[in-house]
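*Asks:* Sequence:
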Amino acid sequence: MEGARKMKEDKKAKDTAQSEEKKEKSGLKQEIRELRERLMAQQQLIREKKLPVIVLVEGWAGAGKGSLIGELISEIDPRFYNVTSPAVVPEAEERYPFLYPFAKAIPENGKIMFYNSGWMESAVRKLLRRDITKKEYRGRVRQVQEFERQLRDGGYLMLKLFLDIGEDEQKERLRAQKKNYETEWRVTEDDLWQHREYELFKETYKEFMAETGETVPWHVLDGEKRKKAVRDALRLLVELIDKGLEEGRYVGKPFKEKFPLVAMPKLAEVDLSPTISDEDYDEQLKKLQKRLGELHNLVYRRKIPVVLCYEGWDAAGKGGNIRRIAKPLDPRGFDVMPIASPEPHELNRQYLWRFWTRLPRSGHICIFDRTWYGRVMVERLEGFCSEDDWKRAYNEINEFERQLTDWGAVVLKFWIHIDQDTQLARFTDRQNTPEKQWKLTEEDWRNREKWPQYEAAIDEMIEKTSTENAPWHIIESNDKKYARIKTLRLLIDALEKACEKHIARGL
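Under this note's numbering, the sequence shown has 512 at position 502, and the numbering climbs by one with no breaks.
A couple of the hints might just be wrong.
Stated by the list, open to error - Estimated spans, in silico, between C-beta atoms of each pair: (1) E146 to F265: 44 to 52 Å; (2) Q294 to P341: 19 to 27 Å; (3) E199 to S77: 17 to 25 Å; (4) W203 to S77: 38 to 46 Å; (5) G76 to E224: 22 to 30 Å; (6) K235 to D469: 57 to 65 Å; (7) R43 to R456: 53 to 61 Å.
The set of hints was computed from the structure by calculation and includes no laboratory data.
Keep in mind that this is a model prediction, so the values were computed, not measured.
Beta carbons are placed, not taken as given, at the ideal position from N, Cα and C, and that holds for glycine.
With the sequences and hints as input, model every part of the structure.
*Replies:* So this is what it looks like as C-alpha coordinates:
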(Lines of atoms letter the chains of each structure in order from A and count residues from 1; the text may use other names and numbers.)
(Lines give C-alpha, C1' and ligand atoms only; values in the text may rest on other atoms or scores of the structure.)
Protein backbone atom coordinates (compact mmCIF):
# COMPACT_ATOMS: atom_id res chain seq x y z
CA MET A 1 0.00 0.00 0.00
CA GLU A 2 2.76 2.44 1.01
CA GLY A 3 4.72 1.71 -2.18
CA ALA A 4 1.65 2.22 -4.39
CA ARG A 5 0.87 5.56 -2.70
CA LYS A 6 4.47 6.75 -3.22
CA MET A 7 4.35 5.78 -6.90
CA LYS A 8 1.11 7.70 -7.26
CA GLU A 9 2.60 10.78 -5.57
CA ASP A 10 5.71 10.60 -7.74
CA LYS A 11 3.59 10.38 -10.89
CA LYS A 12 1.50 13.34 -9.76
CA ALA A 13 4.64 15.40 -9.08
CA LYS A 14 6.05 14.44 -12.45
CA ASP A 15 2.82 15.38 -14.23
CA THR A 16 2.73 18.69 -12.37
CA ALA A 17 6.32 19.45 -13.35
CA GLN A 18 5.62 18.60 -16.99
CA SER A 19 2.50 20.75 -16.91
CA GLU A 20 4.45 23.67 -15.44
CA GLU A 21 7.19 23.22 -18.01
CA LYS A 22 4.64 23.18 -20.83
CA LYS A 23 2.98 26.28 -19.41
CA GLU A 24 6.35 28.02 -19.11
CA LYS A 25 7.25 27.19 -22.72
CA SER A 26 3.89 28.41 -23.90
CA GLY A 27 4.33 31.61 -21.92
CA LEU A 28 7.84 32.14 -23.34
CA LYS A 29 6.57 31.67 -26.90
CA GLN A 30 3.83 34.20 -26.30
CA GLU A 31 6.29 36.71 -24.78
CA ILE A 32 8.66 36.26 -27.71
CA ARG A 33 5.84 36.84 -30.21
CA GLU A 34 4.79 40.03 -28.43
CA LEU A 35 8.36 41.32 -28.19
CA ARG A 36 8.95 40.65 -31.88
CA GLU A 37 5.83 42.60 -32.74
CA ARG A 38 7.09 45.52 -30.65
CA LEU A 39 10.49 45.35 -32.35
CA MET A 40 8.82 45.34 -35.77
CA ALA A 41 6.85 48.44 -34.81
CA GLN A 42 10.05 50.17 -33.64
CA GLN A 43 11.82 49.75 -36.98
CA GLN A 44 10.20 52.70 -38.69
CA LEU A 45 10.37 54.83 -35.55
CA ILE A 46 14.14 54.50 -35.16
CA ARG A 47 14.43 55.32 -38.86
CA GLU A 48 12.34 58.47 -38.41
CA LYS A 49 14.24 59.52 -35.28
CA LYS A 50 17.61 58.66 -36.90
CA LEU A 51 18.66 56.49 -33.97
CA PRO A 52 21.59 54.14 -34.73
CA VAL A 53 21.61 50.89 -32.72
CA ILE A 54 24.50 48.51 -32.00
CA VAL A 55 23.91 45.03 -30.58
CA LEU A 56 27.11 43.25 -29.55
CA VAL A 57 26.67 39.52 -28.94
CA GLU A 58 29.67 37.91 -27.25
CA GLY A 59 29.91 34.55 -25.52
CA TRP A 60 31.39 31.08 -25.46
CA ALA A 61 32.14 29.04 -28.55
CA GLY A 62 29.11 26.82 -29.07
CA ALA A 63 26.86 29.03 -26.96
CA GLY A 64 24.63 29.88 -29.92
CA LYS A 65 25.55 33.49 -30.69
CA GLY A 66 24.67 33.15 -34.36
CA SER A 67 21.39 31.41 -33.55
CA LEU A 68 20.48 34.13 -31.06
CA ILE A 69 21.11 36.85 -33.66
CA GLY A 70 19.03 34.84 -36.12
CA GLU A 71 16.14 34.86 -33.64
CA LEU A 72 16.51 38.61 -33.06
CA ILE A 73 16.43 39.51 -36.76
CA SER A 74 13.86 36.94 -37.85
CA GLU A 75 11.02 39.44 -38.17
CA ILE A 76 12.97 42.64 -38.89
CA ASP A 77 12.91 44.18 -42.36
CA PRO A 78 16.36 43.40 -43.83
CA ARG A 79 16.66 47.01 -45.01
CA PHE A 80 16.90 48.10 -41.38
CA TYR A 81 19.78 45.93 -40.12
CA ASN A 82 23.12 44.32 -40.91
CA VAL A 83 25.10 41.50 -39.27
CA THR A 84 28.89 41.45 -39.09
CA SER A 85 31.45 39.06 -37.60
CA PRO A 86 34.53 41.28 -37.18
CA ALA A 87 36.15 39.45 -34.25
CA VAL A 88 37.74 36.98 -36.65
CA VAL A 89 39.89 39.52 -38.48
CA PRO A 90 41.12 38.66 -42.01
CA GLU A 91 44.88 38.79 -42.48
CA ALA A 92 44.59 41.99 -44.54
CA GLU A 93 42.85 43.75 -41.64
CA GLU A 94 45.50 42.64 -39.15
CA ARG A 95 47.52 45.50 -40.65
CA TYR A 96 45.12 48.08 -39.25
CA PRO A 97 44.54 49.38 -35.70
CA PHE A 98 42.79 47.09 -33.20
CA LEU A 99 39.43 48.90 -33.41
CA TYR A 100 39.45 49.30 -37.20
CA PRO A 101 37.12 46.38 -38.11
CA PHE A 102 34.65 47.38 -35.40
CA ALA A 103 34.73 51.12 -36.11
CA LYS A 104 34.25 50.71 -39.85
CA ALA A 105 31.15 48.54 -39.23
CA ILE A 106 29.17 51.03 -37.13
CA PRO A 107 25.67 51.54 -38.56
CA GLU A 108 24.12 54.57 -40.17
CA ASN A 109 21.50 56.54 -38.30
CA GLY A 110 18.21 54.66 -38.20
CA LYS A 111 19.75 51.20 -38.63
CA ILE A 112 20.73 48.30 -36.36
CA MET A 113 24.10 46.55 -36.55
CA PHE A 114 24.49 43.14 -34.93
CA TYR A 115 28.09 42.18 -34.10
CA ASN A 116 28.52 38.40 -33.92
CA SER A 117 31.44 38.61 -31.45
CA GLY A 118 33.49 41.76 -31.30
CA TRP A 119 36.12 43.68 -29.40
CA MET A 120 35.97 41.54 -26.26
CA GLU A 121 36.56 38.27 -28.08
CA SER A 122 39.33 39.79 -30.18
CA ALA A 123 41.20 41.31 -27.20
CA VAL A 124 40.82 38.30 -24.88
CA ARG A 125 41.89 35.69 -27.43
CA LYS A 126 44.95 37.68 -28.48
CA LEU A 127 45.98 38.11 -24.84
CA LEU A 128 45.57 34.43 -23.95
CA ARG A 129 47.29 33.34 -27.17
CA ARG A 130 50.11 35.73 -26.22
CA ASP A 131 49.82 37.52 -29.53
CA ILE A 132 49.89 40.75 -27.51
CA THR A 133 51.56 41.66 -24.24
CA LYS A 134 49.66 42.46 -21.05
CA LYS A 135 50.57 46.11 -21.56
CA GLU A 136 49.09 46.05 -25.06
CA TYR A 137 46.00 44.33 -23.70
CA ARG A 138 45.58 47.06 -21.07
CA GLY A 139 45.78 49.60 -23.91
CA ARG A 140 43.05 47.76 -25.80
CA VAL A 141 40.76 47.73 -22.78
CA ARG A 142 41.24 51.50 -22.54
CA GLN A 143 40.53 51.88 -26.25
CA VAL A 144 37.29 49.91 -25.88
CA GLN A 145 36.22 52.19 -23.04
CA GLU A 146 36.93 55.22 -25.23
CA PHE A 147 35.23 53.72 -28.29
CA GLU A 148 32.03 52.84 -26.43
CA ARG A 149 31.88 56.22 -24.72
CA GLN A 150 32.42 58.08 -28.00
CA LEU A 151 29.62 56.11 -29.66
CA ARG A 152 27.26 56.66 -26.74
CA ASP A 153 28.07 60.39 -26.65
CA GLY A 154 27.46 60.54 -30.39
CA GLY A 155 23.91 59.24 -29.96
CA TYR A 156 24.33 55.49 -30.51
CA LEU A 157 22.12 53.07 -28.60
CA MET A 158 24.24 50.09 -27.51
CA LEU A 159 23.31 46.69 -26.12
CA LYS A 160 26.06 44.29 -25.01
CA LEU A 161 25.12 40.65 -24.44
CA PHE A 162 27.24 37.74 -23.21
CA LEU A 163 25.85 34.26 -23.89
CA ASP A 164 26.96 32.01 -21.06
CA ILE A 165 27.12 28.21 -20.92
CA GLY A 166 28.86 25.84 -18.50
CA GLU A 167 32.00 23.86 -19.25
CA ASP A 168 30.19 20.51 -19.59
CA GLU A 169 27.50 22.02 -21.79
CA GLN A 170 30.12 23.54 -24.08
CA LYS A 171 31.88 20.19 -24.33
CA GLU A 172 28.67 18.45 -25.39
CA ARG A 173 27.77 21.11 -27.94
CA LEU A 174 31.20 21.18 -29.56
CA ARG A 175 31.25 17.37 -29.64
CA ALA A 176 27.80 17.27 -31.27
CA GLN A 177 28.83 19.81 -33.90
CA LYS A 178 32.05 17.90 -34.65
CA LYS A 179 30.09 14.68 -35.17
CA ASN A 180 27.70 16.27 -37.65
CA TYR A 181 29.04 16.56 -41.21
CA GLU A 182 26.95 19.69 -41.79
CA THR A 183 28.26 21.55 -38.73
CA GLU A 184 31.78 20.24 -38.12
CA TRP A 185 33.26 23.19 -40.02
CA ARG A 186 31.97 25.53 -37.32
CA VAL A 187 34.28 24.10 -34.66
CA THR A 188 37.73 25.62 -34.99
CA GLU A 189 40.98 24.79 -33.25
CA ASP A 190 40.55 28.05 -31.33
CA ASP A 191 37.16 26.83 -30.06
CA LEU A 192 38.66 23.57 -28.81
CA TRP A 193 41.53 25.45 -27.21
CA GLN A 194 39.04 27.77 -25.50
CA HIS A 195 37.28 24.75 -24.02
CA ARG A 196 40.55 23.28 -22.74
CA GLU A 197 41.29 26.64 -21.07
CA TYR A 198 37.69 27.21 -19.95
CA GLU A 199 38.51 28.51 -16.47
CA LEU A 200 41.19 30.89 -17.75
CA PHE A 201 38.81 32.31 -20.36
CA LYS A 202 36.02 32.55 -17.79
CA GLU A 203 38.14 34.63 -15.44
CA THR A 204 39.42 36.89 -18.24
CA TYR A 205 35.92 37.44 -19.65
CA LYS A 206 34.69 38.45 -16.20
CA GLU A 207 37.55 40.90 -15.75
CA PHE A 208 36.98 42.40 -19.19
CA MET A 209 33.27 42.87 -18.55
CA ALA A 210 33.95 44.44 -15.16
CA GLU A 211 36.33 46.96 -16.74
CA THR A 212 34.17 47.83 -19.74
CA GLY A 213 30.70 47.85 -18.21
CA GLU A 214 30.48 51.36 -16.81
CA THR A 215 29.48 53.33 -19.91
CA VAL A 216 27.46 50.53 -21.52
CA PRO A 217 26.51 47.70 -19.13
CA TRP A 218 26.91 44.03 -19.95
CA HIS A 219 23.97 41.63 -19.78
CA VAL A 220 24.77 37.94 -19.18
CA LEU A 221 22.20 35.54 -20.67
CA ASP A 222 21.77 31.87 -19.80
CA GLY A 223 22.73 30.16 -23.05
CA GLU A 224 21.65 26.77 -21.74
CA LYS A 225 18.01 27.92 -21.81
CA ARG A 226 17.72 29.03 -25.40
CA LYS A 227 14.14 30.30 -25.49
CA LYS A 228 14.66 32.22 -22.27
CA ALA A 229 17.82 33.77 -23.71
CA VAL A 230 15.92 34.84 -26.82
CA ARG A 231 13.13 36.33 -24.70
CA ASP A 232 15.60 38.17 -22.47
CA ALA A 233 17.61 39.52 -25.42
CA LEU A 234 14.49 40.72 -27.21
CA ARG A 235 13.20 42.38 -24.05
CA LEU A 236 16.50 44.19 -23.45
CA LEU A 237 16.65 45.39 -27.06
CA VAL A 238 13.03 46.56 -27.14
CA GLU A 239 13.40 48.39 -23.82
CA LEU A 240 16.63 50.06 -24.98
CA ILE A 241 14.96 51.32 -28.16
CA ASP A 242 11.85 52.43 -26.27
CA LYS A 243 14.03 54.48 -23.93
CA GLY A 244 15.92 56.00 -26.87
CA LEU A 245 12.69 56.93 -28.64
CA GLU A 246 11.31 58.49 -25.48
CA GLU A 247 14.41 60.45 -24.46
CA GLY A 248 15.74 61.29 -27.93
CA ARG A 249 19.29 61.17 -29.23
CA TYR A 250 21.89 61.38 -26.48
CA VAL A 251 24.54 64.10 -26.70
CA GLY A 252 27.53 63.63 -24.42
CA LYS A 253 28.88 66.47 -22.32
CA PRO A 254 32.44 67.78 -22.81
CA PHE A 255 35.09 66.40 -20.49
CA LYS A 256 38.84 66.63 -20.27
CA GLU A 257 41.45 63.94 -19.85
CA LYS A 258 44.95 65.06 -18.93
CA PHE A 259 46.96 64.35 -22.06
CA PRO A 260 50.62 65.43 -21.95
CA LEU A 261 50.68 68.53 -24.16
CA VAL A 262 53.42 70.38 -26.01
CA ALA A 263 53.39 74.15 -25.46
CA MET A 264 52.65 75.95 -28.72
CA PRO A 265 52.72 79.65 -29.76
CA LYS A 266 49.62 81.54 -30.84
CA LEU A 267 49.42 81.98 -34.61
CA ALA A 268 49.90 85.74 -34.24
CA GLU A 269 53.23 85.09 -32.50
CA VAL A 270 54.70 83.05 -35.36
CA ASP A 271 57.40 84.79 -37.42
CA LEU A 272 56.43 84.34 -41.07
CA SER A 273 59.55 85.98 -42.52
CA PRO A 274 61.75 82.88 -43.17
CA THR A 275 62.62 82.40 -46.83
CA ILE A 276 64.91 80.29 -48.97
CA SER A 277 66.75 81.15 -52.19
CA ASP A 278 65.76 79.38 -55.40
CA GLU A 279 69.23 77.84 -55.64
CA ASP A 280 69.15 76.41 -52.10
CA TYR A 281 65.58 75.24 -52.61
CA ASP A 282 66.40 73.25 -55.75
CA GLU A 283 69.46 71.67 -54.14
CA GLN A 284 67.73 70.74 -50.88
CA LEU A 285 64.52 69.57 -52.53
CA LYS A 286 66.40 67.06 -54.68
CA LYS A 287 68.42 65.76 -51.73
CA LEU A 288 65.46 65.50 -49.34
CA GLN A 289 63.16 63.81 -51.84
CA LYS A 290 65.84 61.22 -52.57
CA ARG A 291 66.12 60.46 -48.84
CA LEU A 292 62.33 60.30 -48.44
CA GLY A 293 62.13 57.74 -51.25
CA GLU A 294 64.72 55.59 -49.45
CA LEU A 295 62.84 55.86 -46.16
CA HIS A 296 59.58 54.87 -47.83
CA ASN A 297 61.14 51.51 -48.67
CA LEU A 298 62.28 51.06 -45.05
CA VAL A 299 58.87 52.05 -43.71
CA TYR A 300 57.20 49.51 -46.01
CA ARG A 301 59.60 46.69 -45.08
CA ARG A 302 59.19 47.35 -41.36
CA LYS A 303 55.41 47.79 -41.67
CA ILE A 304 55.38 51.23 -40.03
CA PRO A 305 52.10 53.08 -40.74
CA VAL A 306 52.36 56.81 -41.41
CA VAL A 307 49.54 59.35 -41.12
CA LEU A 308 50.22 62.90 -42.34
CA CYS A 309 47.63 65.55 -41.48
CA TYR A 310 47.47 68.80 -43.42
CA GLU A 311 45.44 71.75 -42.21
CA GLY A 312 45.95 75.43 -43.02
CA TRP A 313 44.56 78.65 -44.38
CA ASP A 314 42.98 78.73 -47.84
CA ALA A 315 45.73 79.41 -50.42
CA ALA A 316 48.44 78.61 -47.86
CA GLY A 317 50.03 76.06 -50.20
CA LYS A 318 48.85 72.69 -48.88
CA GLY A 319 48.45 71.21 -52.36
CA GLY A 320 51.94 72.15 -53.54
CA ASN A 321 53.42 70.97 -50.26
CA ILE A 322 51.68 67.60 -50.58
CA ARG A 323 52.88 67.20 -54.18
CA ARG A 324 56.53 67.59 -53.09
CA ILE A 325 56.00 64.94 -50.42
CA ALA A 326 54.25 62.54 -52.80
CA LYS A 327 56.65 62.82 -55.75
CA PRO A 328 59.42 60.51 -54.44
CA LEU A 329 57.00 57.96 -52.93
CA ASP A 330 56.17 54.63 -54.54
CA PRO A 331 52.55 55.07 -55.70
CA ARG A 332 51.74 51.56 -54.50
CA GLY A 333 52.52 52.54 -50.92
CA PHE A 334 50.68 55.79 -50.29
CA ASP A 335 47.35 57.53 -50.71
CA VAL A 336 46.27 61.15 -50.63
CA MET A 337 42.85 61.66 -49.04
CA PRO A 338 41.26 65.02 -49.91
CA ILE A 339 38.58 65.65 -47.28
CA ALA A 340 35.61 67.72 -48.38
CA SER A 341 32.16 68.21 -46.85
CA PRO A 342 30.85 64.85 -45.62
CA GLU A 343 28.59 62.82 -47.92
CA PRO A 344 25.10 61.87 -46.63
CA HIS A 345 26.22 58.36 -45.61
CA GLU A 346 29.12 59.93 -43.68
CA LEU A 347 26.93 62.50 -41.95
CA ASN A 348 24.76 59.58 -40.84
CA ARG A 349 27.56 58.11 -38.72
CA GLN A 350 29.79 59.24 -35.87
CA TYR A 351 32.10 61.90 -37.32
CA LEU A 352 35.36 59.93 -36.95
CA TRP A 353 33.96 57.03 -39.01
CA ARG A 354 34.99 58.50 -42.35
CA PHE A 355 38.58 58.77 -41.10
CA TRP A 356 38.69 55.28 -39.58
CA THR A 357 37.73 53.90 -42.99
CA ARG A 358 40.53 55.82 -44.72
CA LEU A 359 43.44 54.79 -42.50
CA PRO A 360 46.48 53.23 -44.17
CA ARG A 361 47.63 49.67 -43.74
CA SER A 362 50.84 49.17 -41.80
CA GLY A 363 53.80 50.04 -44.01
CA HIS A 364 51.76 52.55 -46.01
CA ILE A 365 51.52 56.33 -45.91
CA CYS A 366 48.24 58.22 -45.88
CA ILE A 367 48.22 61.97 -46.49
CA PHE A 368 45.05 63.70 -45.32
CA ASP A 369 44.36 67.00 -47.08
CA ARG A 370 42.05 68.34 -44.34
CA THR A 371 41.22 66.10 -41.42
CA TRP A 372 39.06 65.33 -38.40
CA TYR A 373 39.97 68.81 -37.13
CA GLY A 374 37.13 70.17 -39.21
CA ARG A 375 35.00 69.31 -36.19
CA VAL A 376 36.59 72.08 -34.12
CA MET A 377 36.97 74.59 -36.96
CA VAL A 378 34.44 74.80 -39.79
CA GLU A 379 31.80 72.61 -38.09
CA ARG A 380 32.16 74.66 -34.93
CA LEU A 381 32.06 78.09 -36.60
CA GLU A 382 29.41 77.29 -39.20
CA GLY A 383 27.08 75.64 -36.68
CA PHE A 384 27.19 72.16 -38.25
CA CYS A 385 27.43 70.53 -34.80
CA SER A 386 26.36 71.46 -31.30
CA GLU A 387 28.60 73.24 -28.81
CA ASP A 388 28.78 70.06 -26.72
CA ASP A 389 29.85 68.15 -29.83
CA TRP A 390 32.81 70.36 -30.74
CA LYS A 391 33.93 70.91 -27.16
CA ARG A 392 33.89 67.14 -26.58
CA ALA A 393 35.84 66.59 -29.79
CA TYR A 394 39.18 67.84 -28.44
CA ASN A 395 39.38 64.88 -26.11
CA GLU A 396 37.92 62.43 -28.64
CA ILE A 397 40.52 63.48 -31.20
CA ASN A 398 43.35 63.11 -28.69
CA GLU A 399 42.07 59.60 -27.92
CA PHE A 400 41.83 58.74 -31.62
CA GLU A 401 45.38 59.89 -32.30
CA ARG A 402 46.68 58.04 -29.24
CA GLN A 403 45.09 54.88 -30.60
CA LEU A 404 46.97 55.45 -33.85
CA THR A 405 50.32 55.96 -32.14
CA ASP A 406 49.66 52.98 -29.82
CA TRP A 407 49.23 50.96 -33.02
CA GLY A 408 52.70 52.12 -34.04
CA ALA A 409 51.78 54.87 -36.49
CA VAL A 410 53.91 57.95 -37.11
CA VAL A 411 51.41 60.82 -36.88
CA LEU A 412 52.54 64.22 -38.14
CA LYS A 413 50.22 67.24 -38.10
CA PHE A 414 51.05 70.34 -40.13
CA TRP A 415 49.36 73.73 -39.89
CA ILE A 416 50.34 75.56 -43.10
CA HIS A 417 50.42 79.18 -41.99
CA ILE A 418 50.30 82.50 -43.86
CA ASP A 419 49.21 86.02 -43.00
CA GLN A 420 46.14 87.84 -44.33
CA ASP A 421 48.05 89.98 -46.81
CA THR A 422 49.66 86.93 -48.39
CA GLN A 423 46.30 85.21 -48.63
CA LEU A 424 44.73 88.22 -50.33
CA ALA A 425 47.59 88.40 -52.84
CA ARG A 426 47.17 84.71 -53.68
CA PHE A 427 43.38 85.01 -53.94
CA THR A 428 43.83 87.94 -56.34
CA ASP A 429 46.35 85.99 -58.42
CA ARG A 430 43.94 83.07 -58.67
CA GLN A 431 41.09 85.35 -59.64
CA ASN A 432 43.14 86.96 -62.40
CA THR A 433 44.67 83.75 -63.79
CA PRO A 434 42.20 81.67 -65.85
CA GLU A 435 43.91 78.32 -65.23
CA LYS A 436 43.85 78.97 -61.45
CA GLN A 437 40.31 80.32 -61.10
CA TRP A 438 38.89 76.88 -60.24
CA LYS A 439 40.87 77.00 -56.99
CA LEU A 440 38.98 80.05 -55.71
CA THR A 441 35.39 79.77 -54.44
CA GLU A 442 32.83 82.02 -52.81
CA GLU A 443 33.34 79.98 -49.66
CA ASP A 444 37.03 80.98 -49.61
CA TRP A 445 36.01 84.66 -49.55
CA ARG A 446 33.40 84.03 -46.83
CA ASN A 447 35.95 82.19 -44.68
CA ARG A 448 38.39 85.08 -45.13
CA GLU A 449 35.83 87.47 -43.64
CA LYS A 450 35.81 85.28 -40.52
CA TRP A 451 39.61 85.25 -40.14
CA PRO A 452 39.56 86.44 -36.48
CA GLN A 453 37.02 83.79 -35.45
CA TYR A 454 38.95 81.06 -37.28
CA GLU A 455 42.25 82.21 -35.80
CA ALA A 456 40.83 82.00 -32.26
CA ALA A 457 39.43 78.51 -32.97
CA ILE A 458 42.73 77.34 -34.47
CA ASP A 459 44.73 78.64 -31.51
CA GLU A 460 42.45 76.72 -29.16
CA MET A 461 42.64 73.60 -31.35
CA ILE A 462 46.46 73.63 -31.42
CA GLU A 463 46.70 74.36 -27.71
CA LYS A 464 44.40 71.47 -26.73
CA THR A 465 45.50 68.82 -29.23
CA SER A 466 49.27 69.25 -29.55
CA THR A 467 50.03 66.12 -27.55
CA GLU A 468 53.47 64.63 -27.00
CA ASN A 469 52.58 61.60 -29.12
CA ALA A 470 51.06 63.72 -31.94
CA PRO A 471 52.26 67.36 -31.72
CA TRP A 472 51.39 70.11 -34.17
CA HIS A 473 54.00 71.65 -36.45
CA ILE A 474 53.31 75.20 -37.61
CA ILE A 475 54.80 75.61 -41.10
CA GLU A 476 55.64 79.18 -42.11
CA SER A 477 54.35 79.40 -45.68
CA ASN A 478 54.51 83.02 -46.80
CA ASP A 479 57.42 81.53 -48.77
CA LYS A 480 55.97 78.28 -50.15
CA LYS A 481 59.39 76.88 -51.00
CA TYR A 482 60.62 77.37 -47.45
CA ALA A 483 57.47 75.61 -46.19
CA ARG A 484 58.05 72.59 -48.45
CA ILE A 485 61.65 72.15 -47.30
CA LYS A 486 60.68 72.45 -43.62
CA THR A 487 57.90 69.89 -44.00
CA LEU A 488 60.17 67.42 -45.79
CA ARG A 489 62.79 67.74 -43.06
CA LEU A 490 60.25 67.16 -40.29
CA LEU A 491 58.87 64.08 -42.07
CA ILE A 492 62.31 62.62 -42.78
CA ASP A 493 63.40 63.15 -39.18
CA ALA A 494 60.26 61.42 -37.86
CA LEU A 495 60.63 58.45 -40.22
CA GLU A 496 64.33 58.01 -39.42
CA LYS A 497 63.53 57.95 -35.70
CA ALA A 498 60.72 55.43 -36.23
CA CYS A 499 62.96 53.13 -38.26
CA GLU A 500 65.75 53.38 -35.67
CA LYS A 501 63.28 52.46 -32.92
CA HIS A 502 62.13 49.40 -34.88
CA ILE A 503 65.73 48.30 -35.49
CA ALA A 504 66.56 48.73 -31.79
CA ARG A 505 63.56 46.53 -30.86
CA GLY A 506 64.57 43.90 -33.44
CA LEU A 507 61.45 44.40 -35.53
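*Asks:* Each hint needs a verdict: does it hold in this structure or not?
*Replies:* Status of the hints after comparison with the structure:
Between E146 and F265 the Cβ separation comes to about 25 Å, which falls outside the hinted range of 44 to 52 Å. Taking 19 to 27 Å as the suggested C-beta distance range, the pair Q294 and P341 conforms, at roughly 24 Å. The hint said 17 to 25 Å for the Cβ distance between E199 and S77, and at roughly 22 Å that hint holds. Range check, W203 to S77: Cβ separation about 22 Å, and the 38 to 46 Å hint is violated.
Distance hint check for G76 and E224: the Cβ-Cβ separation is about 28 Å, which falls inside the suggested range of 22 to 30 Å. The hint said 57 to 65 Å for the Cβ distance between K235 and D469, and at roughly 59 Å that hint holds. Remark: the range hint 53 to 61 Å for R43 to R456 is upheld by a beta-carbon distance near 57 Å.
Of the numbered hints stated above, those contradicted by the structure are hints 1, 4, listed in ascending order.
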